[in-house]
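Could you put the whole structure together from the sequences, leaning on the hints where they help?
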Amino acid sequence: MTSNPRTQALSDAGVSIWLDDLSRSRLQTGNLAELIESRNVVGVTTNPSIFQAAISGAEDYDADIAALAAEGKDVDAVIEKLTTDDVRAAAELFSDIYASSGGFDGRVSIEVDPRLAHETDETIEQAKHLHEIVGRENVMIKIPATEEGLPAITAVIAEGISVNVTLIFSAARYQQVIEAYLTGLEQAAEAGKDLSTIHSVASFFVSRVDSEIDKRLAELGGEAETMRGSAGVANAEAAFGEYLVAFSSERFAALKAQGANVQRPLWASTGVKNPEYPDTLYVDRLVADPSVNTMPEKTLDAVADHSEPGTPLSAETAESGEAVLGRLAEAGIDLADVFALLEREGVEKFEQAWEELISTVSASVESARS
12 MTSNPRTQAL SDAGVSIWLD DLSRSRLQTG NLAELIESRN VVGVTTNPSI
62 FQAAISGAED YDADIAALAA EGKDVDAVIE KLTTDDVRAA AELFSDIYAS
112 SGGFDGRVSI EVDPRLAHET DETIEQAKHL HEIVGRENVM IKIPATEEGL
162 PAITAVIAEG ISVNVTLIFS AARYQQVIEA YLTGLEQAAE AGKDLSTIHS
212 VASFFVSRVD SEIDKRLAEL GGEAETMRGS AGVANAEAAF GEYLVAFSSE
262 RFAALKAQGA NVQRPLWAST GVKNPEYPDT LYVDRLVADP SVNTMPEKTL
312 DAVADHSEPG TPLSAETAES GEAVLGRLAE AGIDLADVFA LLEREGVEKF
362 EQAWEELIST VSASVESARS
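Just so you know, we're using this note's numbering here: the sequence shown kicks off at 12 and counts up by one.
Hints should not be assumed to be uniformly reliable.
[To be verified] Lysine to aspartate or glutamate pairs mimicking EDC-like chemistry, simulated, CA-CA at most 16 angstroms apart:
1. 92 / 73
2. 309 / 295
3. 92 / 82
4. 267 / 205
5. 204 / 148
In case anyone wonders, no lab produced these hints; they're calculated from the structure.
Okay, here's the thing in structure tokens:
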């Protein structure tokens, strides 16, 4: 099967395409394997919302739920089994890509329980548990970039476990995420870990930033409204500037000499929420080497059909992004308030999805036992 020329062009430009979705149906029907072959998909990300959508109302999981219920498993154990089985199967599917890319790609991410987003010690323990139970080198454990998540990121990296840091909304928080990663690598080196086996991505959310700031610009009215649709890309451009500075530093050079890998920026929430904007906006404008772009299938289809990648991100585009953020602040946008709100909402949305999943599986377990 021939790769799509537009997705191939992104790959050639240093962008790793990871599908922002996973389900048993994708695995069993060969859909995911087909996307690997035809759309340059080299990884998968999951989150509580994705699992809730995959498992709720899907017959693919009924037999497993019934069997686990018969064994007397509680709802949390059932959910853990269903989700880690899917992640393990996907990890096996990507094993060749993982090997050929030196561990950078072929990755499948699974997130710690979102209810632990503000619990450092519990996050560390569950991250280690998920890593062990999936049992595949190419799994990445997702940890949210909350204040309580930052020390957990350091501790888990220090254990030699690869981490996908999620729910990053600001360049300031991204600086803290990079610090957490580098400190974790330093601790891993002190403990004698092989740094070359530790990988990380920093998931920087894009479209949600535009959604919130556009709403505030509309409320301001006048000239402010002309800046609608500029914040998400500008914020990501500024973040890439932080990447360039951190990973060209003497501090990282010392770690690199011991085998350490860069923590690649990952563009998340890249499905366009405003239909007025081009549906490939957050792909075409965020070409960077290296980077990861996690796409829902709708966005991936649009990219394969009509993507036109723009100028790669650089130190110059980082300055441009910072200038746009400055103009937004001058127009009356409280950026700190926006980023704090989006983090809270991000955690809450994942918690809600997890609670819905618990409710759905609980009903299925009770039905199987009746």
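Could you check the structure against the hints above and give me the numbers of any it violates, in ascending order? none
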